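Take each chain as given, in its own frame, and dock them per the hints.
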Amino acid sequence: MNMLEGIRIIDFTRYAAGPQITLTLAFMGAEVIRVESNVELDHFRRPESAVSYGSQRAASDSFNTLNLNKLSVTINLKTGEGVELAKRLVSIGDVVVDNFRPGVMDRLGLGYDVLKKINPDIIMLSASSHGSVGPERSYSAYAVTFGPLGGVSHVTGYEDGKPAVTRASADLRPGTTAAFAILAALIHRQDTGEGQFIDFSAREAITCGIGEIIMDYTMNGRVRGRRGNRDDVMAPHNCYRCKGDDKWISIAISNNDEWRALTSAMGSSEWAFDERFADQYVRWQYQDEIDRLIEAWTINYTDYELMEMLQEVGVAAVPSFDSEELFTDPHCRERQCYVPTEHYEEGELYAVAPPWKFSETPAVAASAAPQLGEHNGYVFGDLLGMPQDEIRRLADEYVLY
Amino acid sequence: MPKSALGGVKALELCQMVAGPYCTKLMGDLGAKVVKIEPPRCGDIARRSPPFFHDTPDVEGSGLFLYLNTSKLGVTLDVTKSTGKSIFIDLVKDADILVEDNPPGWMAEHGLGYDDLKAINPGLIMTSITPFGQTGPYRDYKAHSLNVFQGSGEGYLTPGGPENMGRPPLRLGTFVGEYDSGMNAANATLGALFHKKRTGTGQWIDISKQEAIMSLNRLDMARFANEGEVITRARLGAPYGGVLPCKDGYTVFITWEAEQWDKLVHFMGDPEWARDEMFQDYADRYRYGEVLNALLTEWLMNYTKEELYHRGQEAGIAFGMVFTSKDLVESEHLKAREFFVDVDHPRTGTLKYPGAPYKFSETPWCIVRPAPTLGEHNEDIFVKRLGRSKQEIVKLYEAGVI
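Chains as they are written, first to last, in my numbering: chain A, 10 to 410; chain B, 13 to 414.
Calculated from the structure, these hints are not laboratory results.
Take these hints with a grain of salt, some might be off.
Derived EDC-like pairs: lysine to aspartate or glutamate, alpha-carbon spacing no greater than 20 Å straight-line [stated by the list, open to error]: (1) Lys275/B / Glu289/B; (2) Lys208/B / Glu369/A; (3) Lys275/B / Glu90/A; (4) Lys126/A / Glu90/A.
Keep in mind the model is a prediction, meaning the values are calculated, not measured.
Same shape as in the complex, but just chain B (with noise of 0.2 Å):
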């Protein structure tokens, strides 16, 4: 087997649909051992979310569940009732990390909350990925992913552009920001971890969601603080360029450098209209933005998304473009990078998944199973890890403990 980075971390994940499965995920393709906790039954929403395998709800057949828990091992656990918290708390004595994306106060009131997990196991890290964080006025809101983008301030900057102005703000993509927050709480808990296996020390750490995506936002999040200005979706990304249509689709591009400029001219053949005085400086073509654009959609509407792509780049210009997931899976730069893996799931057979964007030279980055069906490690975790009899676990299924 090869070297793995967390090889011998120990986590467990008591969460559901994006933020915290994805947070174990990152860690359990890196190699920890993840053991992914769910309600008895019905087991985590992600489940019962689409896309569905061939369009045919099941609880093992959704592509948002069945992406979000690789690498995982999976138990079914009640752990508001007394054994099923017994056995939570003999599964927190062994570990070195527990994510958690219940409302704040909820693991405090069931006898879980991080000052009587640490009594328990003192170096242990918890993480509590939360909308709006532990504290504040906030705390106990409900937010769904919509409205946890919304509240960040990257939704009322999306879709950008001055067409959009009076059109309401959107969210990025299904669970972009549900994604961001769970990479931000594998940031912190990897700090956490590091400095753990220094000095011996666990702690917990308080993820609000608002605040990891507001952290992506750095750049335009402050400026009305410092100069007055708020950013509103009719101030675009890119002065003119960026995306616009082309004959069959959209393409997209942007000259950041003055020197692009004289690069994109050249690759339009040096057409009259690109000699006005008004396009000439890069504060005017700043300026002239929408009239700039209309010329270039003229001439980009003869070409293809891809010939512009790649023709573009090849005249040193950064044309990108406008990709779908299919054009993705079958983009041969991905395929040269092994970027989709085939991964084998029982109810699925064998599907292509997005991979890492990340290759390490020693440690391998690799999905070492496909998520788990629902309960499908209790017997390995409850029998075989925790020394339970099988008899008890018949037992404790028919309480619905498990």
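With the rest of the complex left out, here is chain A (with noise of 0.2 Å):
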């Protein structure tokens, strides 16, 4: 049995950072139906996405890794007819996900209010960038504006340079942290049969990512900025450049048995013993020179080179990793980080796996995304029950559309 076997989620969201919340609990064996609509497609369906990601088999991909596991219905909630279809697949689902803004599931007539009074016991997660009370609640913002929104591209950067701009993980972190909310609500009603409403805010998901930031502010007034890889107590602590293009190894070191041991595999007898360096609080205050010698030794070798000398006495090396690196790494081979799926158009597509290794109810990447509609036949005839010649009409007239 797997961890949430027979829980069935009905999935309103688009994007990334909604699809990741459904991609969490479907990973845990959770039936997830995705409601979509060619009225709306998700914004990975549409043809803008193969131009920013450069072609269409890279926005299938996208797709295809937030919605791995999924089931796919085609309904108009623009229609009558369709709202009253998704309240009947509300009215057999445990949990309902939408990142609408706040207040368009009430407009389209699917609040809380309606849906609890379908089913009472649903619990409803709805996820917006800027949670559903407050000035700001109708406010847009996607992964680009939540690092700067919720506070983290401030302290991301050189010291002179500009604040980092966020990638698609800013929308990932918000949706793992509203699938824990999930996962608590459920077992709040596995206990005492009690669903209820949760408000999820995205940009304060990554505020919570950076708590000794804000605690600094607050217990000292101190607004700390940006320092590139500088460590409060650490020092060396950066990464450095190796043998190749735009090659990294990062070397951070905690004490003084880790400083002699970078020293001695680095060969540098005489400087290692500099009194300026001998101990950590003076390697700090001149990490910079440090840091010269440090990269003077590491462009001779190779990032794994570079790994494998260091991790060998003691000392946390480790490469700054690209894509390529990690597909083909010996430890994710054999730890099985990426796994094949069988994608309807685009054929094998590899998938970051799900990322905990269960020892009773292992975690898979069971199936590719689903087509747009894919699942109607058994969504709305095997689970509701509904005639074929119902199913046809609905979709002549573009109501499973």
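As structure tokens, this is what we get:
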């Protein structure tokens, strides 16, 4: 039995943050039914996506990796019959997830108050950029703006550079966090039979990941800025250029033993015992100079050579892996970090595997992302028991569309 | 007392720094009874990590520790000593969950591996968090938070922007990858807990921080495998726009959808240059992103980040602003949402802490208690719960066990 076997999720999410919520639950074995429509396609199914991702295959890849293990139905929510069908789905569901702007589900006639009447123990999570209350509730945001809004961009970058733009991971972090809230609500429902509504704010999820930076302000009034890879305590603590094109190794030294191990691996006894580098504090003060000395050495070796050489003597050294290195890396191979899936148009597409290894209930990427409306027959016919000619009529009338 | 989502769940934590403690904080703030076990005398390394209250180093004054250990009881215990081990086993007997972050093999070496503990408590969920997981050639590799983040593929992409090529890859925030790992471990643990509630079966969960962060970058990480493309820092998250300078700092915006471009042009007052042929098509705007950004910046420099944020949103464009920690704490929106919460701690008095991004209608999130002082609950746990005598506790303290 899978962990979430028998749990059915009615999924109204699009883009990346929302689909990451239901992907997390689908990896655990929940039955996730994506409610989609030709009227408003998921961004990754639109033609613009092929432009911004460079090719149709790359756009399909993006959609695929976020929607593994899920089912897809098409319902046109701009029609009355479509909304009624969505309600029927909710009546056989356990969890409803949406990432529309606050108020949209209410306007569609699918607000929590309505759904609760249909299914009293339903759990509903509405994920939005800014949450469903507060003066900025109707503001829109995307991964690129979540990092700045959440406070992480201001503290990411070079001292002399601008705040970092955030990538898709800034969507997936909140998505993962929202899945946690749903799991907690499922446990509560398992204990008590009670469902509930969860208001989720993506920008706040980003802020939760810089707790110590907020605390420095609330404790000391200090506004932290950008400082590259500098640590408060450790030094050296940076990425150093290696042999090859744009290849780097990260090295972090936390005590004198590691420092001696590093310098002896470098064969640089003369300055290893330099008074100025004798303890962590002076090393921290002279770290720019030390960084130059280290880089003059690392440039002669590949990132893998350095990792092996330094790990051997107990120094924390790990390459700044690119996606080619990760895909071909022996460690990732052995742990099966990538899994092949069979996509309906693109054929074999690899995806990053579920990020947990369970001893009893393995999480798997069992199937590729669904084709649009691929499961209309199963969901409307088998689950809702609608006759074939009714399904056909609704398709002809652009309700199942 | 209000209802809590995880009320009645009993968890033990044998972790330090960020990832493991964050995992159990997430559960504790939803009502789980978490007992944090720290090494005697020095405690969790996070206690010695900045920022310190009033910049005064003190094991009770670390902002990092205080934030990450709310809603927990705290004991000190050396589980490698024989009495310490037997006390630990007493605690495990009664627990639903154990979260630990020791190097692979360390627990088993001390007779506390999953098989040993399962024999005592068959329903136990044991979550083990390590940089590279329990198996594979790198399982014993040493990695601090910088190394983990760089090893996950996201470091290589940070910070994005062609101007950053040739400069070293960076980390995100300070410990973002560690928080990610803790969150990921918490998800797995709750999944297993749900399963245990339905079937009675416990299990061992192997969490690799590398995989946790890779998974958050799933959109970029398989591009080589599938399209033969190695994404680099040169590739921005936005075709144009993104973080750009303005009058008093930095603004950020993105026009993901084709129609948002028209709104942006209108917002700028329909400048002459926007009619240029090279900007009429989505694909062309993407191609000429650099030219476009230079023109946009010229206009943006006339406005403050607040003006652009609010007026841009009114105009229907996804503007943001680069919030500092101060901006966040002072944000009217976050105040209205009561995102920051007051926590009273004996060393610091009342301070604002970040809250949670979820608001439950029936089982509210809440910081039940401030982070424990070192060994604060030794008597509660060892004497009142486990029935050891007070004299024994003194002896154990003298022996360095607690």
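Comparing the hints with the structure gives:
Restraint check for Lys275/B and Glu289/B: the C-alpha separation of about 17 Å stays at or below 20 Å, so the hint holds. Proposed proximity of Lys208/B and Glu369/A is supported: the alpha carbons are some 11 Å apart, at most 20 Å. The hinted pair formed by Lys275/B and Glu90/A fails the criterion: a straight-line CA distance of about 33 Å is larger than 20 Å. About 18 Å separates the Cα atoms of Lys126/A and Glu90/A, which keeps this hinted pair within 20 Å; it holds.
Of the numbered hints given earlier, the model fails hint 3 alone.
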